[in-house]
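Please construct the entire structure, taking both the sequences and the accompanying hints into account.
The primary structure of each chain is shown beneath.
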Amino acid sequence: MGGLSKKIFQIKSLSKENTANSLLVDSGNLLFKQTNIADGPSQARLAASTIVEVYKTIGFDAVAVGPLDLAGGVLFLQQSKNDNFPWISANIFNENEQLLFKPFVTKTIQDREITVFALSGAPKRALSDVYIKPWEDILPSLLQRIRKKNRNGLIVLLSSLSDKENQVIAKEYKDIHVLVSAHPRKGNVAPQLINNTLLTQTAKQGKHQGLLEITFGSSRLWGQNSQKKLADLQNSLGSINWQLQRLLKKSKPSGNAAKYEKTITRLEDEKKSLAAEINTMKDQADEERNGGTKEDNFTYRFIGLKKNMPNDQRTDEKIHTLNQEVRKLNARLKQAKTANRHITGAKSSLSLIGHNACGECHEKQKIFWESTRHAKAYNTLLTKNKNLDTNCLPCHLSMEITKGAFAPLAPNMILSYPEKLQSVGCETCHGIGNKHSTDPEQFKLVLTPASDICLTCHTDEHDDNFIYKEKLEKVSCPAG
Amino acid sequence: MQKKINVVFNVPVVLMLAILYLFASHCSALASQTEPLLIFYSDNVQGETEPCG
Numbered sequence: 022m023g024g025l026s027k028k029i030f031q032i033k034s035l036s037k038e039n040t041a042n043s044l045l046v047d048s049g050n051l052l053f054k055q056t057n058i059a060d061g062p063s064q065a066r067l068a069a070s071t072i073v074e075v076y077k078t079i080g081f082d083a084v085a086v087g088p089l090d091l092a093g094g095v096l097f098l099q100q101s102k103n104d105n106f107p108w109i110s111a112n113i114f115n116e117n118e119q120l121l122f123k124p125f126v127t128k129t130i131q132d133r134e135i136t137v138f139a140l141s142g143a144p145k146r147a148l149s150d151v152y153i154k155p156w157e158d159i160l161p162s163l164l165q166r167i168r169k170k171n172r173n174g175l176i177v178l179l180s181s182l183s184d185k186e187n188q189v190i191a192k193e194y195k196d197i198h199v200l201v202s203a204h205p206r207k208g209n210v211a212p213q214l215i216n217n218t219l220l221t222q223t224a225k226q227g228k229h230q231g232l233l234e235i236t237f238g239s240s241r242l243w244g245q246n247s248q249k250k251l252a253d254l255q256n257s258l259g260s261i262n263w264q265l266q267r268l269l270k271k272s273k274p275s276g277n278a279a280k281y282e283k284t285i286t287r288l289e290d291e292k293k294s295l296a297a298e299i300n301t302m303k304d305q306a307d308e309e310r311n312g313g314t315k316e317d318n319f320t321y322r323f324i325g326l327k328k329n330m331p332n333d334q335r336t337d338e339k340i341h342t343l344n345q346e347v348r349k350l351n352a353r354l355k356q357a358k359t360a361n362r363h364i365t366g367a368k369s370s371l372s373l374i375g376h377n378a379c380g381e382c383h384e385k386q387k388i389f390w391e392s393t394r395h396a397k398a399y400n401t402l403l404t405k406n407k408n409l410d411t412n413c414l415p416c417h418l419s420m421e422i423t424k425g426a427f428a429p430l431a432p433n434m435i436l437s438y439p440e441k442l443q444s445v446g447c448e449t450c451h452g453i454g455n456k457h458s459t460d461p462e463q464f465k466l467v468l469t470p471a472s473d474i475c476l477t478c479h480t481d482e483h484d485d486n487f488i489y490k491e492k493l494e495k496v497s498c499p500a501g
Numbered sequence: 778m779q780k781k782i783n784v785v786f787n788v789p790v791v792l793m794l795a796i797l798y799l800f801a802s803h804c805s806a807l808a809s810q811t812e813p814l815l816i817f818y819s820d821n822v823q824g825e826t827e828p829c830g
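Sequences listed follow chains E and Y, in order. Numbering-wise, the first sequence is residues 22 to 501 according to our numbering. Numbering-wise, the second sequence is residues 778 to 830 according to our numbering.
It is possible that some hints are incorrect.
To be verified - According to the in silico footprint, chain Y covers these stretches of chain E (three or more CB under 8 Å from chain Y):
| no. | region |
| --- | --- |
| 1 | 145-158 |
| 2 | 167-174 |
| 3 | 229-237 |
| 4 | 412-419 |
Think of the hints as simulated: they come from the structure by calculation, not from any bench. Quantities reported herein were computed from a predicted structural model and do not represent experimental measurements. Virtual Cβ for every residue (Gly too), placed ideally from N, Cα, C.
What follows is the structure in structure tokens.
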């Protein structure tokens with residue numbers, strides 16, 4: 022949506038105003054989208070190196086190693102670690118039982134110790150040289166170690182474990198005050214208080230920056246913001262009073278007298294208990310107002326990237342260099358693939374036939390398709406100089422889509438895609454046409470594509486105005 | 778005569794400035810004590826560098 026450059030501009034401007042009292046963390050899955058990145062040079066590795074370089078310029082306090090960061094192998098991460106990148110993880114070990122990253126970092130902010138530690142989820146890529154220890158084996162002793170150094174400060178966990186595991190940790194370890202998770206498919210999660218742990222995370226692909234604003238008390242326990250709680254209690258009391266008055270106004274029903282009495286008693290009890298709670302909360306609110314609160318309090322915000330937000334100039338320069346490197350690398354890959362095809366005489370293994378072949382029987386539809394933006398999708402990439410970008414190409418070519426995902430193709434296959442399949446052709450929406458072209462009656466294709474086919478490319482990140490029904494009308498071919 | 782006037786005029790001004798300075802530093806000390814901690818957090822950038830176009 023906004024890109025790394027806008028994100029960096031946002032972080033820089035937010036933290037510039039608050040350098041003395043702020044902590045900047047990332048809970049992982051920073052570098053890769055795929056779960057396994059092949060060894061050797063690739064676009065994904067070039068992009069990951071650029072992200073590391075850019076992140077280094079803004080002074081992160083801690084970045085957790087997530088399973089998607091391990092997709093490129095441990096060596097890749099260790100190179101950036103040696104270059105002073107603040108990776109942390111308390112459960113990634115080598116075969117000699119040695120930790121590969123710092124388990125935690127501690128920062129003093131206004132005389133308060135803040136310790137940030139990380140637990141990494143297991144990657145899908147098989148890693149021969151490292152293993153991820155289960156969190157249960159290390160968390161109790163690790164927390165003891167942290168508490169020895171940081172007796173009354175704040176403890177933050179950056180976790181790429183599963184939702185279930187995070188919930189269990191929050192329930193069992195109230196020493197952890199904040200848990201920032203990194204679930205790859207979740208959106209923004211407003212801080213949820215479990216026992217004494219605030220569990221939160223931001224939406225994927227860096228579209229939002231989370232901000233927790235913490236006012237310290239002395240007890241290291243989260244308060245529930247007594248003013249708000251007081252207002253809620255008073256509302257509940259008002260509702261009970263109203264119900265009571267309504268019931269008391271009515272004459273006692275003759276048949277249901279026992280039930281009527283029971284309801285009155287229950288409401289009276291609730292009223293008494295609420296009144297007592299309100300009195301306690303009033304005292305607490307007074308104490309908070311006078312600055313003598315014992316509990317910590319928080320407010321939160323998710324700050325979204327906006328399209329009109331300026332770019333960060335230094336990041337733009339680095340991305341420009343990255344794009345040039347990607348073009349060079351992918352041009353070489355494309356050349357090698359094409360040369361190989363000429364030598365072996367092998368034809369493309371793709372079974373798509375292309376819009377021209379479809380047009381032989383469906384001429385009216387082909388003419389209509391040529392007037393749509395789908396037909397110009399590849400040109401859009403050419404004008405942006407992105408026609409050798411393997412991240413962008415799949416949505417600008419005729420691709421087979423099943424269950425909302427592209428058929429897996431190696432980068433060199435995507436780069437050397439036949440010209441007849443450039444742009445989003447008939448087969449992207451209606452399915453592969455090779456069998457249909459030999460026997461249309463037996464092998465029928467889909468007339469109207471399901472929304473998951475469209476949403477493979479028209480995601481929130483790339484098209485925030487996409488409404489399936491409206492857009493379908495625009496690309497629906499004429500009948501006949 | 779001129780010197781006397783200067784001394785009479787300057788003493789309260791200096792005193793006032795001193796009091797102002799003390800008050801300002803007290804306020805700034807108070808403000809820094811109550812300043813909240815800000816945690817900026819993110820996750821799942823997933824290799825995203827820029828939109829395709």
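Checked hints:
no.	hint	result
1	145-158	violated (count 0)
2	167-174	violated (count 0)
3	229-237	holds (count 9)
4	412-419	holds (count 4)
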